[in-house]
Each structure stands twice: as C-alpha cells, then as structure tokens.
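Student: Sequences listed follow chains A and B, in order. The first sequence begins at 1 in my numbering and counts up by one. The second sequence begins at 1 in my numbering and counts up by one.
Just to be clear, a hint being listed does not mean it is correct.
Claimed, not checked - Below, in silico cross-link-like pairs of lysine-lysine (DSS-like), each with a Cα-Cα straight-line distance of 27 Å or less: (1) B/Lys218 - A/Lys15; (2) A/Lys187 - B/Lys45; (3) A/Lys247 - B/Lys218; (4) B/Lys448 - A/Lys19; (5) A/Lys19 - B/Lys366; (6) A/Lys221 - B/Lys218; (7) A/Lys285 - A/Lys179; (8) A/Lys69 - A/Lys261; (9) A/Lys283 - A/Lys358; (10) A/Lys15 - B/Lys186; (11) A/Lys15 - B/Lys193; (12) A/Lys325 - A/Lys350; (13) A/Lys241 - B/Lys218; (14) A/Lys325 - A/Lys283; (15) A/Lys196 - B/Lys447; (16) B/Lys142 - B/Lys66; (17) B/Lys351 - B/Lys366; (18) B/Lys186 - A/Lys19; (19) A/Lys66 - A/Lys98; (20) A/Lys15 - B/Lys447; (21) B/Lys193 - A/Lys19; (22) A/Lys283 - A/Lys219; (23) B/Lys447 - A/Lys19; (24) A/Lys196 - B/Lys45; (25) A/Lys350 - A/Lys98; (26) A/Lys55 - B/Lys218; (27) A/Lys15 - B/Lys448.
For the record, the hints were derived by calculation from the structure and aren't laboratory data. These numbers come from a predicted model, not from an experiment.
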Amino acid sequence: MLLVLVLQVRGVTLKTIRKLIIFFAVFYTITQLFFSFVFPSRYIYYNRLNYDVFKDNVYTIEATVKAMKSTIEKDKLENYIIFIGDSVGYGTPGPPEKTMSAYMNNIAKKEGSPIRVLNIGIPSTMFGDFYTIIKLLNKYDISTQNLIINFSYWEINAKTPAYWFKHYLKELDYESYKKMVETGAIKEESTWQNIKSELYHFANKNIDIIGYSGFISNKIKNKTNIALDQPTSALKVWSNKKTTLIKTINLPENRWYYTDKAFVLNDNSTQIYFLNKIAEIQKGKNTLFFLNAMNDELLAGATYKEGFQNNLTTISKCFSDRGLKFIDYNQKVDYTYFSDFVHLLPDGYKFMAEDLWKRIHAKGDLNYAF
Amino acid sequence: MLFNSIEFLIFFPVVTILYFVLPHKIRWFLLLVSSCIFYMAFVPKYILILGFTIVIDFFAGIFIDKLKGNNKRIFLIISLLSNVGILFVFKYFNFFNGNVARLANMLDWNYPISSLSIILPIGLSFHTFQSMSYIIEVFRGKQKPEKHFGIYALYVMYYPQLVAGPIERPQNMLWQFHTVHKFDAKRTSEGLKLMAWGFFKKLVIADNLALLVNAAYKAPNSLSGLSLVVATYFFAFQIYCDFSGYTDIARGASKIMGIELMENFKRPYLAKSISEFWKRWHISLTSWFTDYVYISLGGNRCSKWKWYRNTMVVFLLSGLWHGAAWTYVIWGGLNGFYLVFAILTKGIRKKVSHACRIDRVPIINKIVKVFITFNLISFSWIFFRATSFRSAISIIKKIFTDFSLEVNFDSVGITRYQVVLCCCAIVLLVIVQILQRSRHLSEEIAKKPLVLRWGLYYAGLFILIIFGVFNTSSFIYFQF
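Bound-form chain A, shown alone:
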C-alpha cells in the first residue's frame, strides 16, 4: 500500500500498472484454458515421456505425470503397471511404439487383458531418481501398486544418487535430501540457485504456457520435419558400428560401465539407501526389479571377468536379502538384439517384453496378481 502511495505521489499512474496486470491476466486465462481443454495430452505423453522436451526442462516431468494421470482417468484404467527405469526402459534408440512397455501393451491387447503398462523410464536415471519418481507419482495419486523398475549394471554402483531430480527429492523427501547433502553425495546449491530453481518450478507448475511450451515447439518440430522428409537415423545393429562402439567403450570415462572392481553395496551406498527407501514405500505392493543385459559379444572379455560376475552375484544378493523380486537378464539376451553395449533394437525390446509378460502374467510366480 505504501509503495503504491509513494508511486502515486511520484506521478506513477495506477492506470498503467492496472493495464499491465489486466494484459497479463487475460493472456494467462486464455492460455490456461487452452492447455486445460484443447491441448491433447498425447502431445505430452505418448507411450513414454518426451525426452526431447524433458532434457531441456526437467520440470516438465510434472506435466508428464499429469498427462499420465489424465490417460488413466480417461481410459478408466484400473489394472496398470508403472514402468520406471533408465534409457533401456525408456526404449533408446527406438521410437515410442517400440519400447518394452509398448510391446507389453500390444501383448495385453492381443490377449484381451485389461492390463496397461505406463512407461516413465528416463535416460540416465539412478535409484534416487527412481525413488523420487515414485514419490511424485504418488503425489499425483497415481498408484504404484504394480511396478517394474529396470536398471543397468553401473547404476547401482554410482555415487550420484539422483541425476535429474535433486530438486524434487528435496521437495518430496527432505530428510533423504538432507542425508545425501550431509554425506556429500548431493552438493547443496547456493541460496540464489535454490530461489531460481523454486521460481522455475513455480512457473512451470502454475503457468501452463511456460510448462507446456516445450511440447508445442516439439510437436511443431516433428510435424515440420515429417512434412519436409527429414531423414531419420536408421536403427543399426551394434555390429554395423563396431569400430566406433569399441572406441567409445574404451574411453577412460566409459570404463566404469563394465568395471570388474568389486561393488560395495552396503547401507552406506547412496544407491542402496534409495533401494531401501523404495522397498519401504513399496512394501506390500507388486514390485519387480530387473537388471539390463550387457552385450557380451561387444564387451568381449569384460563381462566374463570374475570381478564382473561377482558383482552380478552381489547385486542379486542385494535384492534377495531384502525380499525384492529381481531378474538378471545378463546372458539371457542374444547379442544380435543389441544396438550398442546395453541398448536394444526393437526386436530385443520385443523379446524382453514377451519374457516380462510371461513372468508377471503367470500368476503366483512374481506375485503379480491382476
């Protein structure tokens, strides 16, 4: 009030301020209505998260979760499985229709099963990210009664607990966030950085034109590229790019992907901390973890090393000790299915989907009772 009074005394007409407020209020109202009633949710979530948009703006995860929620409500889904995971779960390098979850949906449809698999796999995610996603889904009342989580060999040994969702972890489980900061696993940001993050978060959450702008431009981009016959990179089997792949995996920064150094997966490990947290909130629910297969042919000796094999045993034990359902897909996937050292071609994902479906649909086996 005082500020307004002083401004008036100084000759600042309230008319100008009022006009500005009305201008933005009208814009806000129109865009909110547009995104609530006109903008299709499939532009945000179609078989999986839109990674092109997400990687530029992590806060679009909430728009994605809302779109998942709207799909569940619109399709009146009761039996659904949430599929959380890394780039393998996401379906890299294939299109959204050729992911494990999409293939599982095809099988379900073919068999007349009402089950739907909703994929929210995100490349480069760790156990801290998985846990935060579960918390976020629960916040939006999306059930994680049936859950599949996939991860890769090196991820369970990573020092970083959360690659993408530090901000959300802080919001959804401050205790865990604080613990990670105390152990040095998460570097606390400066006060100003925190304020900035809060502002971005607020704007993305409450101003739809900001939260959804990436999806619009992405849609326009895709449509334009299709109209202009933009060539897309063809999916290639790993053996067609063997030389490049060998060069890449041998880079010092990439060797941790298949290290044979002993994994220490005790309660001091940040990943195990979040595995415990997941086990805690998923208690009594159907949760299946699976470890992605590695391309033995490409990685040659690395996956057969004693240390590597011992680590696989350690990982397996880690889940059995906690009474968690776990499948290790190593040496179960044919090398011709790989597009690189860990990602699969569509046929590989189809194979995985069929295998997973068999396991979860065989009543009693994994206690997935639909």
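With chain A held as given, fit chain B onto it using these hints.
Tutor: Chain B only, in chain A's frame:
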C-alpha cells in the same frame, strides 16, 4: 547480469520501481549501486578496474578544465594512457605477446615473456571508449567536467549500456542524470515495447540462428558451398539481431526511466552502399572512430592517399577493437578496403549502371545496390565468425569451389525444421524492417482497436515463449 536471465527479470522492475519511488536527488545513487550489482554479477573483482579508470578520468577531467597548455595535455595523456593501458593489458597483451613469441620462434630467438592468464572483463572496450570520449570532449572544451563524482561514475557505469553500449557521449548523457524525470505512461509503454522487440530479436531470431550457425561453422568441411553461404547469411542476421536486440532492451529499459540512449542501428542491411552501412551499423562506435580518429587524422579533407590511409586506419582499428585476433583485423581491413575501392571506382560504377540502364529503374537500382552491399558485408562476416584465419579461408575456398546446389545441414545435426524456423524468423524481420522505413509501426499499432492490438501483442508473446531459446546464452558483443 544478462538481460535474458531470471536475475534481470527481477532486477529490472525492482530498480525501475525504486527509481520512481525515490526522490530525484538520490536516484543517481540507486542507479550507481544497481549498476555495480549488474556488473558484479559477471566477475565481481573487475569492478576495481572500472573504479580505477573512473577515479583517474574524473580528476583528469577537473584538472584539464582548470589547467592550460601543456599541463592540460599531460592530464589528457595520463587519462588516455590509463584507459588504453588497461585495454592493452586485459585485451591485447596476449595477442601481441603471442605474435612476438611466434616471430621470435621463427627467428630462433629466445623469448621469455609468457602469456597472462586473465579473463577479459565484460564490455571492457565499451566503457573504456565511453570514458575516453568524456576526457577528449573535456579537453576539446566541448563538455564541462562533471563535478559530481557519483554522476560521473554513473556516466561510465549506467547499467543498461555498461557492457554492450551504445557508447555514449557525455553531451548526451550527463545532463540527463541531472534532470528530474517524472513517470510518463506513454514513454513507459514505448520503452516496454522496445524491450519486448529486443527480446524477440535476441531470443527468437538470434538464438535460433545461432544454433545453425554454430553447428555450420564448427564443421564447415562437412557442408556444401551453398550451405555455407546460407549459414553466413544467417550469421549476418544473427549478429544483427543479437546486438541490436541488446541495444533495444538497453534503450527501452532506460527510456522508461526517462533517460534516452542513442540509436545504434538503423536497418543496416537495407543500406545501398558500404559507407551507408557503416552509418547504420553500430552507429555509436562508427561515430566514435570518426570523431576521435578519422577527423583527427585529417578525414577526407586532405590528399586522396591520406584519405585512403585514414579510412584504412579507422577500419583496422575498428577490427582490433572487436577482438584481439587477426580475423577481426582482416574483417576491419576488408571493410576499409571496400570503402577505398568504392571511392576509387565511383565513376566506373556510375558508368556501368548507366550502360546497363539500371539507373533508369530506381527500384531495381536500389535492390541491386542493397543486394551487393549485403553480400559484401556478409562475406566480411566470414572472418568475423570463423574460429581462425585458416577456417575462414577454407570456408571461402569451399564457397567458391563447391558449386553443388544442395542446401543441407543434416550432417551437422541441424534438422530441416530448424532451417525453416530460421528462414521464417529472417522473413519476419525483413518485413518489419521494410515497413519501418516509412512508418512508425509502434505508433500505428497503438492506434488500432484494443482487440487487434492486444491480439498482436499476445501473438508476439506466444511466439516468444514457444520459439524463444531460453538457456541463457550470452550476447556476442559482451566479449568485446
């Protein structure tokens, strides 16, 4: 602090509101403190450099006014040396040292001086030139020295134009800081619109073009000659929108507070000659060199050879002003050469256009001239943008030897959508610029019915949010 950052989104309204809340006599203090905060958001310690030159120039100005003859000149020299010295140490030392070291190496001499590991202070060339402008004007008796230290410091540090100009003159700025500026709704509206257009140019046009240009100039060998021509054209528009966008935001922000900054660009790519281009491009720098270097050397009121020499000196210095690299020097030299060549061939060109009868159709004549000027300027941009002289030469070689008609950026990871988006952005800019030649668009829009007017603004805002690049990229001219 970048204009296209969340910090500025908070900083700007807070400073502007406080400016109008506070009484006039302490507004200078608010603006000075704000300018310090604005500058220190980059590298805080470099404010000391600014402080050093401000103190020297402030007192030098006072002494120059009081003294006469050689004593007066001594203070001018002290001031200029301190400004040029700082510029040399921070911007040019490594360049000159590197060249001397290379020469010594070629001659097998032992050269012991190593390079300095320092970061170039943001906008150093801008505020140094503005400071020098003050001291020269005081020396020439065209400007009374500023007696208020705070106001003088503000003249150098005024935040809207501190890091990328326009390089103002004391005659245009100092009195404005002393004048009481009341809030003016119309002026505020104009300022906001100017800022919005500046943001549009930067975020929608320049930053989208930058994605393509950066990719193309990073791997020129994987592109066809025509693709490189397109990338170079795009760079011409990128640098224009980046720099003029900054100027528009600066001018708009300042206008709201009642302080008018000079116009720095007047639709330069519609220029019909190189000399006209330089009267329309970075006007504040061109006029600085004209007033303090070109005219001091004798301008064009001397023998022809001296005239050519003066032109070349100004443009070589202008190139060096932009950056301590041979590519910038060549860029400047090339523009100087264009001008000298234009003077030399004026008669022949007139005869050719008469013989071709182009001069009988003014519109065609004009289009041809604009086209040639734009291409010559774009050609010179290759040296400005290329990462090295060698890279510039390989790009030019490719352009003039690879006659494939294919325009394709797939190999550098640029999709067709991105190319189309860039083309649309340029077309929009050109349309606006052509319309602006004879009409005051902002005023015309202001007279339209509310629904139409707001509809237009909303469309602009929508495009800005959807197609703008918001990952806080810096402005090209900050590095100078």
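Student: State for each hint whether it applies.
Tutor: Hints versus structure:
1. Proposed proximity of B/Lys218 and A/Lys15 is contradicted: the alpha carbons are some 51 Å apart, above 27 Å.
2. The hinted pair formed by A/Lys187 and B/Lys45 meets the criterion: a straight-line CA distance of about 25 Å does not exceed 27 Å.
3. Distance hint between A/Lys247 and B/Lys218 is fulfilled; the C-alpha atoms sit about 23 Å from each other, no more than 27 Å.
4. Simply put, B/Lys448 and A/Lys19 have alpha-carbon atoms about 16 Å apart, close enough for the 27 Å limit, and the pair holds.
5. Proposed proximity of A/Lys19 and B/Lys366 is contradicted: the alpha carbons are some 43 Å apart, above 27 Å.
6. Restraint check for A/Lys221 and B/Lys218: satisfied, since their Cα atoms lie roughly 23 Å apart, inside the 27 Å limit.
7. The hinted pair formed by A/Lys285 and A/Lys179 meets the criterion: a straight-line CA distance of about 26 Å does not exceed 27 Å.
8. Taking the CA atoms of A/Lys69 and A/Lys261, the gap is near 42 Å; set against the 27 Å cutoff, the hint is violated.
9. Of the supplied pair hints, the one linking A/Lys283 and A/Lys358 holds, its CA atoms being roughly 23 Å apart against a limit of 27 Å.
10. Only pairs whose Cα atoms come within 27 Å are accepted, and A/Lys15 paired with B/Lys186 is accepted, the gap being roughly 11 Å.
11. At most 27 Å may separate the alpha-carbon atoms for a hinted pair to count; A/Lys15 and B/Lys193 meet this at roughly 17 Å.
12. Proximity of A/Lys325 to A/Lys350 is assessed by CA-CA distance (about 21 Å); at most 27 Å being required, the pair is judged to hold.
13. Of the pairs offered as hints, the one joining A/Lys241 and B/Lys218 holds, with about 24 Å between alpha carbons and a cut-off of 27 Å not exceeded.
14. Simply put, A/Lys325 and A/Lys283 have alpha-carbon atoms about 12 Å apart, close enough for the 27 Å limit, and the pair holds.
15. Restraint check for A/Lys196 and B/Lys447: the C-alpha separation of about 38 Å exceeds 27 Å, so the hint is violated.
16. Taking the CA atoms of B/Lys142 and B/Lys66, the gap is near 14 Å; set against the 27 Å cutoff, the hint holds.
17. With a C-alpha separation of about 16 Å, the suggested pair B/Lys351 and B/Lys366 falls inside the 27 Å cut-off, and the hint holds.
18. Distance check on the hinted pair: B/Lys186 and A/Lys19 sit about 12 Å apart at the alpha-carbon level, within 27 Å; holds.
19. At roughly 23 Å between alpha-carbon atoms, A/Lys66 and A/Lys98 fall within 27 Å of each other, so this suggested pair holds.
20. With a CA separation close to 18 Å, the supplied pair A/Lys15 and B/Lys447 stays within the 27 Å bound.
21. Of the pairs offered as hints, the one joining B/Lys193 and A/Lys19 holds, with about 14 Å between alpha carbons and a cut-off of 27 Å not exceeded.
22. For the hint linking A/Lys283 to A/Lys219, the alpha-carbon distance of about 39 Å lies beyond 27 Å, and the restraint is violated.
23. Simply put, B/Lys447 and A/Lys19 have alpha-carbon atoms about 16 Å apart, close enough for the 27 Å limit, and the pair holds.
24. Annotation: proposed proximity of A/Lys196 to B/Lys45 holds, straight-line Cα distance about 24 Å (limit 27 Å).
25. The hinted pair formed by A/Lys350 and A/Lys98 meets the criterion: a straight-line CA distance of about 8 Å does not exceed 27 Å.
26. Distance hint between A/Lys55 and B/Lys218 is fulfilled; the C-alpha atoms sit about 23 Å from each other, no more than 27 Å.
27. Taking the CA atoms of A/Lys15 and B/Lys448, the gap is about 19 Å. The hint holds against a cut of 27 Å.
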